[in-house]
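K.L.:
The primary structure of each chain is shown beneath.
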Amino acid sequence: MLRLERVSSGYGRSPVLHEVSMEVNRGEIVALIGANGAGKSTLLNTVMGLLPVSHGSIHLDGTQIDRKSTPAIVRAGLAQVPERRQLFGTMTVEENLRLGAYARTDRAGVPGTLEEQFKLFPILSERRRQAAQTLSGGEQQMLAIARAMMARPRLLLLDEPSLGLAPLLVERIMLLIHRLREAGGTVLVVEQNARAALGIADRGYVLENGRITVADSAKSLLGNAAVQDAYLGGEGGSTRAIEERIRAKRRAILGR
Amino acid sequence: MKIRAAVVAFLVAVAAYPFVLKGQYPLSVGIITGALAAGAVGFVLLLGYAQQLALGQAGFCMVGGYASAILCVNYKWDPLLALVAGALVAMATAWAIAAPILKLRGFVLAMASLALHLILIVLALEMAFTGGALGTYGVPKFALLGLPLASDLAFYYVVWAIVLGFVLLGLAIDRSRIGRALKAIAASETAALSAGIDITRYKVQMFVVSAGMASVCGSLAVHYLRAMDPNVFGFAFSLNFITAVIVGGLTTVWGGVVGAAIITGLREILRGLSLPLWEGVIMGALTVIVLIAFRRGVAGFISHIYDRFTGKGAPRVSLAQPDLSALKKLEHPAARLQVEGVARSFGSLRAVANVSFAVETGAITALIGPNGAGKTTLFNLIGGYQPLDSGTVSFESRRIEKLLPNQIAALGVGRTFQNLQLFDNMTVLENVMCGTHRLFDRELFNRSKAKAALAFVGLHGAEAMQPGELSFGHQRLVEIARALALEPRLLLMDEPASGLNDSETERLAELILQISALGVTVLLVEHDMRLVMGLADHVVVMHHGEKIADGSADVVRKNSEVINAYLGIDHAAA
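For the protein sequence lines, the chains are A and B, in the order given. Going letter by letter, the first sequence gives residues 22 to 277 in the working numbering. Going letter by letter, the second sequence gives residues 16 to 589 in the working numbering.
Bear in mind the hints are in silico, worked out from the structure with no lab data behind them. Note that beta-carbon positions come from the ideal geometry of N, C-alpha and C, so glycine has one too. Warning: the hint list may mix true and false statements.
[Stated by the list, open to error] So, partial list: chain A residues that the calculated Cβ filter (under 10 Å) puts toward chain B:
{"hint": "1", "residue": "Ala-56"}
{"hint": "2", "residue": "Thr-155"}
{"hint": "3", "residue": "Leu-156"}
{"hint": "4", "residue": "Ser-157"}
{"hint": "5", "residue": "Glu-160"}
{"hint": "6", "residue": "Leu-189"}
{"hint": "7", "residue": "Leu-190"}
{"hint": "8", "residue": "Ala-236"}
{"hint": "9", "residue": "Ala-239"}
{"hint": "10", "residue": "Tyr-252"}
{"hint": "11", "residue": "Thr-260"}
{"hint": "12", "residue": "Arg-261"}
{"hint": "13", "residue": "Ala-262"}
Build out the structure end to end from the sequences listed, making use of the hints.
P.N.:
Put into structure tokens, the structure is as follows:
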């Protein structure tokens, strides 16, 4: 569906991405994981046409999209849920959702899609007349995803959906993403929280310093020793082990 | 070096001008340019530094103009004394109206200040002592305390000496802690408050200073025109002023001088071409072209070229190990925070409802809870960023719930933000120096204090960089260093681990422990349970605005209500 071939891109003259090749097939959830500054957001912004491609090509269902403007790419069927949500805070939930459908040409279908979103995210239905800024963090993330879905995208790009969310909500959001796929959606999710993202993904890519270093099924990535070391905290990377290390440091530094 | 080069260039240009372009006409242009430049320097301080869109500054030119005209003609005052008197009246007026008018922002402030200008024009037209529509005539030539300036050349040099004085004053402000505070306010008012900077105070100061400079501009112009009437400083003049500083550039006071020279120079050249119809059109088009070509104005462009020519590029970072000996242990660490029955609602939403807890001196206390539980709101209430509906907050023996954020910061309460609030118009070192604002030390001490804080977090290689050149994790450290430079007794951290990966999170945990070892009391909001459970001596749990649990990490994690509301099974006690 989406295919990147040896794509390089970046800001000004310094490239951030170096010959990145990857693909997302119809009906898949693909996770892109990597450290801060590895180029994950740059990759999404490049796909969306917000940054120019200096080398390589990007195709969506066989159509080259790397020379198109962002609005044209949105019309072609891509939708991005940006990092930190970027909602229209003073507008109501419903207004935010309707704005997501701006690029659509079939106005008549919008109310139907709106109802679909309310069915998928019942809490948003309850809060449809409330200003977006009064929602809690998790609800805002749901609204951001629902807003992107309003464009009936063929492919949804999610940038750090778990950022700033409580542990319980991270699970819930990941479950929702999984449900989107069951409803026929295709998702590319970029995550710092590699464990959560790989937990729902079919396949995954690891981005390091602007290069794809590992590409595999999500299951094998979770079992991959190098990936565990770098992104899942290694052998000792379980939640409890990190906590214990921090406690040991506390005893050493503070003596309590 | 750059400033010295600019001053030398300025002196050479001013001194040489009358000898290069000889005659009465170029000299007149030089004098009027100088008068405009004097006011424009003040306007840069107001618009560029304090970011106050007050467009009615020509009103203060009227104050100066009328003061000089009336005092010299009707009361035979010495012109210099009249100029000073006018400036004092203008500054007093500015000070009196500053409190209400600077509460307004953006376009509303622009309209309000233009309205004040309009009031002055109407008053000048209707009052008897201004001479009404005819104005006041027969203003004498300028004189220095009885010493008349016989030639226009002498007046020219006096005008430009005043301009130089204003520029040097502006540069001194720029390099002082006031200038840094203004830059901080422009970049992020919230973060400026957290560093203990009193925002209103500096805005008012710049409003008053710029009013004085505008008044001097008016006085000088009137002594050149030898008459004053309500139309001299009308809206057209205001527009001239605005165009001059925008074309010249708002990032440095030199922008006012360069802009004034370009605007008057251009107009005179166009006048010389005698194309009355096209004058306005060409003037407008050139302005637009300059604006598009040089985003930071002509002065900003010249400064950029100078930097490039002298090879002052971006330094590269080489990060070092944290130097833990850089900061000393607190001598008086007492920092008990007591929150008692605090509540805050937004409309029908109860964000924080009757929450009480204590943060003991020297402890690491964590505030956790689901998104929307009211943690950040509670943080903002403690820091004074939002008013509370009821309840009390005490820091040691003082009640602080009615204090402003900068006053609370000044008591020794530092703060970092969930979404980074760095000043992107300053270097890393300057960012951290803002943290020393409350200490009123000499700049040398401030600098070394800021360097020590950077060394403590392990960023001493990054002092000269812009925050944007650092990775996200390092930017977090800059914010922590800025909070440490304030020498806090209590440090409030809002989700410090948000956006950090596992290894960065562990390093952050160690840093927080080292901060605690200095004697600093820490209160943090955090979602990363590994950090919370590993670090905290005491955990407070909020849900739907209420406190649902309060105790040690091990007690809280076994609490079934906390497990259901927040932790889920994964993070609960094994």
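K.L.:
Can the hint on Leu-190 (chain A) be confirmed by a CB-to-CB distance to chain B that is less than 10 Å?
P.N.:
For Leu-190 (chain A), the interface hint holds, since the closest Cβ of chain B sits about 6 Å away, which is under 10 Å.
K.L.:
Taking 10 Å as the limit, does the beta-carbon of Ala-262 (chain A) come near enough to a beta-carbon in chain B?
P.N.:
For Ala-262 (chain A), the interface hint holds, since the closest Cβ of chain B sits about 9 Å away, which is under 10 Å.
K.L.:
Given Thr-155 (chain A) was flagged as interface, is its beta-carbon under 10 Å from a beta-carbon of chain B?
P.N.:
Holds. Min distance 6 Å.
K.L.:
Any CB of chain B closer than 10 Å to the CB of Thr-260 (chain A)?
P.N.:
holds (6 Å)
K.L.:
Would the hint on Ala-239 (chain A) be counted as holding, given a Cβ-Cβ threshold of 10 Å to chain B?
P.N.:
violated (19 Å)
K.L.:
Answer holds if the nearest beta-carbon of chain B is closer than 10 Å to that of Ala-56 (chain A); otherwise answer violated.
P.N.:
Holds. Min distance 5 Å.
K.L.:
Quick check on the hint: Arg-261 (chain A) CB to chain B CB, less than 10 Å?
P.N.:
holds (7 Å)
K.L.:
Against chain B, run the beta carbon of Ser-157 (chain A) and see if the smallest gap drops under 10 Å.
P.N.:
holds (2 Å)
K.L.:
Taking the least C-beta to C-beta distance, is Ala-236 (chain A) closer than 10 Å to chain B?
P.N.:
violated (20 Å)
K.L.:
Is the interface hint satisfied for Glu-160 (chain A)? The criterion is a beta-carbon contact with chain B at less than 10 Å.
P.N.:
This interface hint holds because 7 Å falls under the 10 Å limit.
K.L.:
How about Tyr-252 (chain A): closest beta carbon in chain B under 10 Å, or not?
P.N.:
OK, holds: Tyr-252 (chain A) within 10 Å of chain B, min 7 Å.
K.L.:
Go through the hint on Leu-156 (chain A) and say holds or violated, using the shortest Cβ distance to chain B against 10 Å.
P.N.:
At about 7 Å, which falls below the 10 Å cut-off, the nearest Cβ of chain B leaves the hint on Leu-156 (chain A) intact, so it holds.
In this structure, the earlier hints numbered 8, 9 are contradicted, and the remaining ones agree with it.
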